[in-house]
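Chains as they are written, first to last, in the numbering used here: chain A, 31 to 759; chain B, 39 to 190; chain C, 223 to 499.
These are computed hints drawn from the structure, not numbers from a lab. It is possible that some hints are incorrect.
As the list claims (entries may be wrong) - Stretch-level coverage of chain A by chain B, calculated; a stretch enters the list once three of its residues show a Cβ under 8 Å from a Cβ in chain B: (1) 198 to 208; (2) 254 to 265; (3) 496 to 508; (4) 645 to 657; (5) 662 to 672; (6) 676 to 689.
Stated by the list, open to error - If we take Cβ atoms under 7 Å as the criterion, some of the chain A residues that face chain C in the derived model are: (7) Asp110; (8) Asp630; (9) Thr631; (10) Thr694; (11) Ile708; (12) Glu752.
What you are looking at is a predicted structure, and each value in this text was computed from that prediction instead of being measured. All residues carry an ideal CB built from backbone N, CA and C; glycine is no exception.
For reference, the chains in residue letters:
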Amino acid sequence: MIIGQGVRRGDGVPKVTGDALYVDDLDIEGCLHGVTIRSPHARAKIVSIERSEAFDWSGITVVTADDIIGENTIYLMTRDQPALAESEVRHCHEPVALIAATTLEKAKEAAEFLHVTYEPLPPLLDVTQSKTSDITIFGTDNTFKEITIKKGDHESVTEGTLIEGTYKTGLHEQLYIEPQGMIAIPREDGGVTITGSMQCPYYIIKGITDLLGIEKSEMNVVQTTTGGGFGGKEEYPSMLAAHVALLSQASGKPVKIIYERTEDLQATTKRHPAIITIRSRVSDKGRLLTWEADVLVDGGAYNTLTPVVLSRAVLHVTGPYHCENYNITGLAVATNTPPNGAFRGFGAPQAQFASERHMDRIARVLDLDCIELRRRNLVVSGDETATGQKLYDPGAHTVLDAALSAADDLGALRSISRPGDGGESARVRKGRGVALAFHGCGFTGNGEASLQARVSVSLEGDKVHIQTASTDIGQGVDTIFCQIVAEELQIPLDMVVMDSHDTDNVPDSGPTVASRTTMVVGRVCQRAAAGLLELLREQSGRGDSFEVLVRERQSSSSLRVEEVYAEEVDMVWDEKTYQGDAYPTFGWSCVVVDCTVDQDTGEVRYDKFVSATDVGRALNPVLAAGQIEGGSLQALGWATSEEVVLDDRGSMKNARLTNYIVPTSLDAPEMHTVMVEIPFSAGPFGAKGIGEIPMDAPAAAVAQAIESAIGVVLDELPMTPERILCEVE
Amino acid sequence: MKIDFTVNGTSVSADVDPSTRLMDLLRGTLALTGTKNGCSEGECGACSVLVDGRSVCSCLIPAFQISGSDVVTVEGLAGEVLHPIQDAFLKHGAAQCGICTPGLLITAAELSAQEVPPAASEVRELLAGNLCRCTGYQKIIDAVVEVVCVSS
Amino acid sequence: MLAANFTVQSAGNLAEALRLKSANSELQPLAGGTDLMVQGFKNKVLDIHRLDELRGIDVTDSGELKIGALTTFRDIVDSELVQAWSPCLVEVARTIGARTIQNRATIGGNIGNASPAGDSLPLLMALDSRLVVASELRGEREIPFEYLFEKYRTLNMNPDELIVAVLIPEITKNDHTHYRKVGARSAQAISKVCLSGRIRIEEGVVTEARIAYGAVGPVPMRCPSVEAALVGSPVDPQVSRLVLGDITPMDDIRSTAEYRNRVAVNVLRAWLEYLAR
Numbered sequence: 031m032i033i034g035q036g037v038r039r040g041d042g043v044p045k046v047t048g049d050a051l052y053v054d055d056l057d058i059e060g061c062l063h064g065v066t067i068r069s070p071h072a073r074a075k076i077v078s079i080e081r082s083e084a085f086d087w088s089g090i091t092v093v094t095a096d097d098i099i100g101e102n103t104i105y106l107m108t109r110d111q112p113a114l115a116e117s118e119v120r121h122c123h124e125p126v127a128l129i130a131a132t133t134l135e136k137a138k139e140a141a142e143f144l145h146v147t148y149e150p151l152p153p154l155l156d157v158t159q160s161k162t163s164d165i166t167i168f169g170t171d172n173t174f175k176e177i178t179i180k181k182g183d184h185e186s187v188t189e190g191t192l193i194e195g196t197y198k199t200g201l202h203e204q205l206y207i208e209p210q211g212m213i214a215i216p217r218e219d220g221g222v223t224i225t226g227s228m229q230c231p232y233y234i235i236k237g238i239t240d241l242l243g244i245e246k247s248e249m250n251v252v253q254t255t256t257g258g259g260f261g262g263k264e265e266y267p268s269m270l271a272a273h274v275a276l277l278s279q280a281s282g283k284p285v286k287i288i289y290e291r292t293e294d295l296q297a298t299t300k301r302h303p304a305i306i307t308i309r310s311r312v313s314d315k316g317r318l319l320t321w322e323a324d325v326l327v328d329g330g331a332y333n334t335l336t337p338v339v340l341s342r343a344v345l346h347v348t349g350p351y352h353c354e355n356y357n358i359t360g361l362a363v364a365t366n367t368p369p370n371g372a373f374r375g376f377g378a379p380q381a382q383f384a385s386e387r388h389m390d391r392i393a394r395v396l397d398l399d400c401i402e403l404r405r406r407n408l409v410v411s412g413d414e415t416a417t418g419q420k421l422y423d424p425g426a427h428t429v430l431d432a433a434l435s436a437a438d439d440l441g442a443l444r445s446i447s448r449p450g451d452g453g454e455s456a457r458v459r460k461g462r463g464v465a466l467a468f469h470g471c472g473f474t475g476n477g478e479a480s481l482q483a484r485v486s487v488s489l490e491g492d493k494v495h496i497q498t499a500s501t502d503i504g505q506g507v508d509t510i511f512c513q514i515v516a517e518e519l520q521i522p523l524d525m526v527v528m529d530s531h532d533t534d535n536v537p538d539s540g541p542t543v544a545s546r547t548t549m550v551v552g553r554v555c556q557r558a559a560a561g562l563l564e565l566l567r568e569q570s571g572r573g574d575s576f577e578v579l580v581r582e583r584q585s586s587s588s589l590r591v592e593e594v595y596a597e598e599v600d601m602v603w604d605e606k607t608y609q610g611d612a613y614p615t616f617g618w619s620c621v622v623v624d625c626t627v628d629q630d631t632g633e634v635r636y637d638k639f640v641s642a643t644d645v646g647r648a649l650n651p652v653l654a655a656g657q658i659e660g661g662s663l664q665a666l667g668w669a670t671s672e673e674v675v676l677d678d679r680g681s682m683k684n685a686r687l688t689n690y691i692v693p694t695s696l697d698a699p700e701m702h703t704v705m706v707e708i709p710f711s712a713g714p715f716g717a718k719g720i721g722e723i724p725m726d727a728p729a730a731a732v733a734q735a736i737e738s739a740i741g742v743v744l745d746e747l748p749m750t751p752e753r754i755l756c757e758v759e
Numbered sequence: 039m040k041i042d043f044t045v046n047g048t049s050v051s052a053d054v055d056p057s058t059r060l061m062d063l064l065r066g067t068l069a070l071t072g073t074k075n076g077c078s079e080g081e082c083g084a085c086s087v088l089v090d091g092r093s094v095c096s097c098l099i100p101a102f103q104i105s106g107s108d109v110v111t112v113e114g115l116a117g118e119v120l121h122p123i124q125d126a127f128l129k130h131g132a133a134q135c136g137i138c139t140p141g142l143l144i145t146a147a148e149l150s151a152q153e154v155p156p157a158a159s160e161v162r163e164l165l166a167g168n169l170c171r172c173t174g175y176q177k178i179i180d181a182v183v184e185v186v187c188v189s190s
Numbered sequence: 223m224l225a226a227n228f229t230v231q232s233a234g235n236l237a238e239a240l241r242l243k244s245a246n247s248e249l250q251p252l253a254g255g256t257d258l259m260v261q262g263f264k265n266k267v268l269d270i271h272r273l274d275e276l277r278g279i280d281v282t283d284s285g286e287l288k289i290g291a292l293t294t295f296r297d298i299v300d301s302e303l304v305q306a307w308s309p310c311l312v313e314v315a316r317t318i319g320a321r322t323i324q325n326r327a328t329i330g331g332n333i334g335n336a337s338p339a340g341d342s343l344p345l346l347m348a349l350d351s352r353l354v355v356a357s358e359l360r361g362e363r364e365i366p367f368e369y370l371f372e373k374y375r376t377l378n379m380n381p382d383e384l385i386v387a388v389l390i391p392e393i394t395k396n397d398h399t400h401y402r403k404v405g406a407r408s409a410q411a412i413s414k415v416c417l418s419g420r421i422r423i424e425e426g427v428v429t430e431a432r433i434a435y436g437a438v439g440p441v442p443m444r445c446p447s448v449e450a451a452l453v454g455s456p457v458d459p460q461v462s463r464l465v466l467g468d469i470t471p472m473d474d475i476r477s478t479a480e481y482r483n484r485v486a487v488n489v490l491r492a493w494l495e496y497l498a499r
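Just chain A, with the same shape it has in the complex (with noise of 0.2 Å):
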């Protein structure tokens, strides 16, 4: 078998050798380095753009919305977005104008002496006040998408006590360790190849042949090693590679763009901030009766994928509990911000931030275990969600057990405590918190039936090579498709090789995003493969093993074989009323988190951290761990310690790393991971899909954590230390 061991990643070597080559470490020969002008202000007309006599602009290529042939707009959902501000910017840190030259130094010089004109005009910058303003930013109202969500008639229940509360969440940087790069090679054949750090390659053909004015077969899109994504690379790398491209067809050179890490910091998108208010009627006995939710998340200042967000936000705000009468609305406004945009978990994890906070409120006023109360609410098989969605088999029962018992088992960790129970001194505290979340694997509703995802499969000599879009950006899909492909066939892992992620060799698997490229895509590439021998026993007429076949053919010519998503569990949703199957699956999972707080300062520790997680199947146990751990982390930082601070011009006024506080080794827990399996069928051997779940359920878990350790309730994140003191008496 070599599904369900830990084989090591077939990118390793040249990642511990440094020969792995980055976006940055490419060395292009005649190649250009560009740099990107920005509005200072958050909204403004643009009056002028002049270049300085007083600069010899010889060798500098410049360009401005008035240099665009095509449409200036990058295509995604909408095409609201301009690759370079027009007649206004909508907010700080919006491009405007572009600027190339033989060095990075000279570019920057040259920079200078562009003198860009504004007038200046007041921003909205209140996303409460979006929807009444009278500026528009997008559309009529501000809006960029309302859903509702409707079942059972929560307006007749009237018994049981009613409890009303409101939480919120911050913007949340990706914060990848290589910051936004690009490059555009201008083609023999007059059109562009671009290369670069990103998760979705095909998104950048979509996204700015319109642009550039040139045919889709006019561009190609080579992926590099990509230092980490978690959703900062799904959609702005369209707007880098439209960048390089514009000054590349300006120039007819190679461009290169590499973002420094303020710029990054400044410019690129964010986690979605969300203020949610969640109400429900509970019996006595605690069981949900009613269950009503209001989403209002900030888009910033375009679309992007903002929809999508407030979608799979809405669909999660329930948390993994079962009700009968659901009512639930989500709004998402625009605001003079910098766009925000997909990162891990997508609106799933404001909204069971929401949703977790809102359970332990209910344990407080009505005076339950929040454990107890939990496993009273949880779904079980056969329970409908707010869609109308019928549950199989759901696990989240049991990643609560596995949890609590991984927990248990170790000694360290106890029971919850009573504040004073514990620490160094009284003022500090130890405390524990426990927290769930379900996830729905891949796309919601019709999703991947109308995108088609494809993969092929070929035979070269002895290798079987793998083609697909979906890029490894660290949580390891090469390896994990290498394994696909080898136990399918039942070849050992060296016979099969991931051919680079270049759009011109590679079928659209679609984008690397939303968990579905394990649980989706690997499911496609498994049936290629199965296809591909298929073919090799029709050729032969014999029907040896995949190895046999290979080591007696004839035949030196290359067999591909490619194959096209296949729904293979049934699937009703209606977008319109938002009822039916939003999800082809869920994953669960249950945290158990251990902190010290210190009651003087405000500081949280964590001291041990306990996952149990359904995957499906752990293809790659090692990999699955890696998803899983590296996720919890990351919402242990949103959790405490990660805030971006807006100024008053929408702004990230904390743009260094030296202030925006990511964890270190030091900060993080030790950690448990435990891997609960409740196969998926239409997944590759079960998997499901694991990249965002581990997002959803850790800051909950602080929370509560925190309460437990010494009484202060807090529901609006980050839980900073200075936050926390203004709550300690």
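Chain A is fixed; fit chains B and C onto it per the hints.
For chains B and C alone, coordinates are given in the frame of chain A:
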């Protein structure tokens, strides 16, 4: 400014501008791109190299200060076979996206060369200058402890 | 690449460095570079990092611990002598950035950078340390740490002087010392509040108290009201409230004045409560 030093055992002479950082010299002129640039201000540790046996951020060292020093980059860790810490990183899954990996390997390599190895309980503190955003650190700690620390 | 508008002179020994500094007082001394490479250089840099005579830790004839200006925090962490003399100083060294910074950053640099949040400064103040500076014309002189900080990021040094060493008096058995850094994370953090103290307790009564803070004012500062209130009585944790009269914290990107005020009181009270037990 003319400088002479060794990098990965090879003598190098270079003429550097005062504004050149060790990181620029390594990644540019010497094409040793295994050393990464994550922040340019000594916070992330992706640019860590050994200078005279000690791990330092090469973004914080002007190249002119390096004359006479012995520099080791990630490219210099492996001989015929991988350095044990490189092998342990692969075994434990301590490298994911890989961008922080060279810096972490360098810091770990310094620890593995210490006369008195650190205790397992000290490893988290000793690696704290190298940020990783993928792993949650557990697998990195496991790999480093296995190679560097004395088993008790 | 750094901004390219500066020149560099390198000194091979202290005499040469002092001569260069004397000839051109604008020269900006560069040691390990961990602060200056982030802040950027001024016009003219004097590279002194090769002055091995300024490196090292020993005990002087008069029984004081002498730490050369170019001694790195790593050297301090590894020094059994420092560990025996002042475990707090080892603790300080371990909280400067992280290992990759400690390997390069020098104690002289931490002092010369004169940041109000420089982590070694409050402790050196609390330990009644003196800075040894030298100039070509006047030779060496000593400056007590409590008189060292003139104003924000400015030391009471003459333009032709360089930092040579730090002298730390012996800590007696009646001395209780303390260091508590509060930053945004456990490593790689710049202090929001940094407390150091040395309290001498003889027969249950405080006979001398030196309480110093970093990051709560324009310079590292002693707390005269607290110190005065402590001396002459058994340790009374309640005097920690007097800190508010001694410090002048601000709101900045790292924290708020309100938080710093509260934490400054709390961390001192926690220590005093420990001593009072």
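These are the hints, each one checked on the structure:
no.	hint	result
1	198 to 208	holds (count 5)
2	254 to 265	holds (count 6)
3	496 to 508	holds (count 4)
4	645 to 657	holds (count 4)
5	662 to 672	holds (count 3)
6	676 to 689	holds (count 3)
7	Asp110	violated (33 Å)
8	Asp630	holds (4 Å)
9	Thr631	holds (5 Å)
10	Thr694	holds (5 Å)
11	Ile708	violated (37 Å)
12	Glu752	holds (5 Å)
Checked against the numbered hints given earlier, this structure breaks hints 7 and 11; the rest are met.
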